[in-house]
Amino acid sequence: MILTFTPEEEAFREEVRGFLKEKLPARISEKVRTGKRLTKADHEEWHSLLNERRWYANHWPVEHGGPGWTIPQRHIFEIEAAAAHAPSIIPFGVSMLGPVLIKYGSEEQKKYWLPRILDGSDWWCQGYSEPGAGSDLASLKCAAVRDGDHYVVNGQKTWTTLGQHANMIFCLVRTSSEGKKQEGISFLLVDMNTPGVEVRPITLLDGEHEVNEVFFTDVRVPVENLVGEENKGWTYAKYLLTYERSNIADVGKSVAAFAHLRHIVETQQRGGRRLADDPLFAARMARLEIDLDNMRTTNLRVLAAAGEGTAPVAESSMLKIRGTEIRQEITNLARRALGPYAQPFVSEALDEGFKGEPVGPDYAAPIAVEYFNNRKLSIFGGSNEVQREIITKAILEL
Amino acid sequence: MDFQHSEDRQMLADSLGRYLQQQYPIDVRNGISASDAGWSRDKWNELAELGVIGALFDERVGGYGGTGFDIAVVFEQLGRALVVEPFLSTLMAGRLLAAMGETALVEQVIAGERVVAFAHSEAHNPYDLADIATTASPSGDRWLLKGGKAVVPQLASADELIVSAHAQRDGEADAAVSLFRLDGGSAQARVQDYPMVDGGRGGDLWLDQTPASLVGGQGEAYPAIEEAVAAGIVALCWEAVGVMDVIRDATLDYLRTRKQFGVAIGKFQALQHRMATVALEIEQARSAAINAADALGGDRDRRERAVSAAKYTIGRVGTLVAEEAIQMHGGIGMTEELPLSHYAKRLTMIGHQLGDEDHHLARYSAIGRAA
Ligand SMILES: Cc1cc2nc3c(=O)[nH]c(=O)nc-3n(C[C@H](O)[C@H](O)[C@H](O)COP(=O)(O)OP(=O)(O)OC[C@H]3O[C@@H](n4cnc5c(N)ncnc54)[C@H](O)[C@@H]3O)c2cc1C
Chain S
4 MILTFTPEEE
14 AFREEVRGFL
24 KEKLPARISE
34 KVRTGKRLTK
44 ADHEEWHSLL
54 NERRWYANHW
64 PVEHGGPGWT
74 IPQRHIFEIE
84 AAAAHAPSII
94 PFGVSMLGPV
104 LIKYGSEEQK
114 KYWLPRILDG
124 SDWWCQGYSE
134 PGAGSDLASL
144 KCAAVRDGDH
154 YVVNGQKTWT
164 TLGQHANMIF
174 CLVRTSSEGK
184 KQEGISFLLV
194 DMNTPGVEVR
204 PITLLDGEHE
214 VNEVFFTDVR
224 VPVENLVGEE
234 NKGWTYAKYL
244 LTYERSNIAD
254 VGKSVAAFAH
264 LRHIVETQQR
274 GGRRLADDPL
284 FAARMARLEI
294 DLDNMRTTNL
304 RVLAAAGEGT
314 APVAESSMLK
324 IRGTEIRQEI
334 TNLARRALGP
344 YAQPFVSEAL
354 DEGFKGEPVG
364 PDYAAPIAVE
374 YFNNRKLSIF
384 GGSNEVQREI
394 ITKAILEL
Chain B
451 MDFQHSEDRQ
461 MLADSLGRYL
471 QQQYPIDVRN
481 GISASDAGWS
491 RDKWNELAEL
501 GVIGALFDER
511 VGGYGGTGFD
521 IAVVFEQLGR
531 ALVVEPFLST
541 LMAGRLLAAM
551 GETALVEQVI
561 AGERVVAFAH
571 SEAHNPYDLA
581 DIATTASPSG
591 DRWLLKGGKA
601 VVPQLASADE
611 LIVSAHAQRD
621 GEADAAVSLF
631 RLDGGSAQAR
641 VQDYPMVDGG
651 RGGDLWLDQT
661 PASLVGGQGE
671 AYPAIEEAVA
681 AGIVALCWEA
691 VGVMDVIRDA
701 TLDYLRTRKQ
711 FGVAIGKFQA
721 LQHRMATVAL
731 EIEQARSAAI
741 NAADALGGDR
751 DRRERAVSAA
761 KYTIGRVGTL
771 VAEEAIQMHG
781 GIGMTEELPL
791 SHYAKRLTMI
801 GHQLGDEDHH
811 LARYSAIGRA
821 A
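Protein chains in written order, with this note's numbering: chain S, 4 to 401; chain B, 451 to 821.
Everything labelled a hint here was simulated from the structure, so no lab data went into it.
Take the hints with a grain of salt, since some may be wrong.
As the list claims (entries may be wrong) - Subject to a maximum C-alpha distance of 20 Å in a straight line, what follows is the list of computed DMTMM-like cross-link-like pairs (lysine to aspartate or glutamate): (1) B:K717 with S:E388; (2) B:K717 with S:D139; (3) S:K184 with S:D139; (4) S:K114 with S:E227; (5) B:K709 with S:E392; (6) B:K709 with S:D139; (7) B:K717 with S:E351; (8) B:K709 with S:E388; (9) S:K39 with S:E351; (10) S:K358 with B:D643.
Said to hold, decoys possible - What the simulated footprint calls covered on chain B by chain S, stretch by stretch (three residues with Cβ under 8 Å from a Cβ of chain S suffice, anywhere in the stretch; the number is not a length): (11) 571-579; (12) 638-651; (13) 718-728; (14) 770-780; (15) 790-796.
What the hints assert, rightly or not - Across the chosen pairs, the derived CB separations fall in these ranges: (16) B:A487 with S:R77: 48 to 58 Å; (17) B:F711 with S:L41: 30 to 40 Å; (18) B:D751 with S:P282: 18 to 28 Å.
All C-beta atoms in this analysis are idealised placements derived from N, C-alpha and C, irrespective of residue type, glycine included.
The shape of chain S in the complex, shown without the other chains (with noise of 0.2 Å):
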């Protein structure tokens, strides 16, 4: 067992550094490093950053565009990202879509949609989930009825994070109502800008426009945006669901995260002394700690095992569960410790150039609402029931 990295990572760490040192802009760090709310443009300048280094699709193998990085290195530039305040990569194209056409897609396909990912071309965003269809993805209605070289795609898709943006939408659509419910799903790529698509915007309680509701009326989609078979599209969906997962385990998030909150705590005055140094609250930063320390090591032990080719089915569901609890736990505490003034919210102030006065501490601005906006990462990528649904029956087997 060694823990340490070896001297070709911490170089390789350096370089990194250097990187996100000389090329990630000030003013979106800034941004993510005060939660203020990041544009459609932030992203993708992010994103074509990251892309001009072929750093952006940093787990796709290097003849599609990737940098052919161990898993060390992801964890690394994992961290040092998101200690840089990077922006987090939007994973809809780069990292669901990408590996799904990758493993599963045809050459044509490939060929044409990937570099489209690479270079921003295309937005993606994620069409799984319906109204009568959440944690029972596979009941989807959607239906996708071949006419000569068209499919025509008649339903809804709802929770759509960030559709607003996207030209594009990947979607489990029903292809067969015969057999398993499984097995009349399809993989298919619409596009957004065809006739019969309709957007809505879904408000969330923390008053933002994250999630939308999508309609498809007759829409014609050609052929040639199935992927892989017909019928087949389930076991691509879930696939992409261990991609999604683990990315949302996040653990470089909760570094950075956890990093502010103890500056947070180390600023916060309370009973005439450093919140740190209430005996609660520092027993709850250090189990909080212990966790996220642990959890590291969870995520890279899956991370190698998952390397060395075991496809690791409860594992990436526990990294999921524990993952998404301790950034949950962390904006907890956030909340916590600003005391009443996490009750404050001035929206306006969330926006770039906000020139308002500040209310309580000048980190308190979005304390509240991150934490409340972060009770969706225990319901979607499967919620956490469901993932624990999973677990067990891979443990049990019963």
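With chain S held as given, fit chain B with the ligand onto it using these hints.
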């Protein structure tokens, strides 16, 4: 033993509940909450007419209630409807004014004619009632206040402000705290007014040689402050009980009707057991709120231990209930459109008012050791 409310209190609860159901449904509430003022004077006047403010005060000052259980029935209903009007401020400031013998003003408060707020807690140590840095220096027959007060609910809407400060002469400050009434209400001070994440508005108060008059005896306010805040905590605990009952019912309903995998999600044992824990904890929280309401009229140590026990319990259980309810609703629980999310936000933020879970846990054991 009798765990039923008296007939009078039950009638008040029923008529208030009916009024709120008809006149204060969630869309009206959300509209008022997001308005520029963050509350509705019309609704305030109607509620005053119903006798809701009077129920918070005793006969000596023109009310007809004022005990822990009067506060309980009112705030439970206010919680069920997520009322944003300034009842908490009114309760605490009015109680202080009553204790200081300002009967005429309390009568106006009960009639809904004047809105009062109590600005006490300060940013440097917001949960500790005894740690006040604001000072008052004499100037003729008035006082000039200097200091700042943190996150006062509905501050900007108050016609009268009651502020705590240490009186000082020649740089020597009293050890004990006094109460002052700002001349001209909040107009004389700088108010930073802002919306709150859980609805309504709040404000920070900045005093810089702000003229005010002494209320009650100099240096004699602390016991009354502690008692008024205890009443405020009883109120918040019962508001939380009302909120939690609504959340529980909505979640039960959802577990019965939402179908996944061909069955109601309430069929999944993983959710059943969690729902059972939520229901159990809400009953524990209700008992804590009953204990606190009962102790409000009792001696100081018993009262303070009971309110700290209740506020600790509400803080812990409130977070659990809010988080579990959202989780068991899935994505829909995260939406602004569903009333649940507003209830969950309010419930969480009750935990941040008048001392959080950790503060009251530590305080409970400190009072126990001292007793
Ligand atoms: C902010 C946000 C962004 C999202 N982004 C996207 C996106 O971009 N694209 C997309 O396709 N989807 C997205 N989703 C949808 C997400 O994947 C679903 O919300 C999730 O799958 C849960 O489905 P549901 O909301 O219908 O809840 P339900 O499935 O109705 O679940 C309700 C509750 O029941 C529990 N439950 C369900 N089945 C079981 C069981 N068998 N055993 C025990 N408990 C069970 C759940 O865990 C949950 O607690 C997003 C959701 C959110 C909140």
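Comparing the hints with the structure gives:
1. B:K717 with S:E388: holds (13 Å)
2. B:K717 with S:D139: Holds, at about 14 Å.
3. S:K184 with S:D139: holds (10 Å)
4. S:K114 with S:E227: This hinted pair holds, its Cα atoms lying about 13 Å apart.
5. B:K709 with S:E392: Distance ~17 Å between K709 of chain B and E392 of chain S Cα, so the pair holds.
6. B:K709 with S:D139: Holds, because 9 Å separates the two Cα atoms, which is no more than 20 Å.
7. B:K717 with S:E351: violated (43 Å)
8. B:K709 with S:E388: holds (15 Å)
9. S:K39 with S:E351: holds (9 Å)
10. S:K358 with B:D643: holds (16 Å)
11. 571-579: It holds: at least three residues are needed, and the segment 571-579 of chain B offers 7 whose Cβ sits within less than 8 Å of chain S.
12. 638-651: It holds: at least three residues are needed, and the segment 638-651 of chain B offers 6 whose Cβ sits within less than 8 Å of chain S.
13. 718-728: Three-residue rule met by the segment 718-728 of chain B, so holds; n is 3.
14. 770-780: holds (count 4)
15. 790-796: holds (count 4)
16. B:A487 with S:R77: 48 to 58 Å: holds (52 Å)
17. B:F711 with S:L41: 30 to 40 Å: The hint (30 to 40 Å, Cβ to Cβ) holds, given that F711 of chain B and L41 of chain S are roughly 36 Å apart.
18. B:D751 with S:P282: 18 to 28 Å: holds (23 Å)
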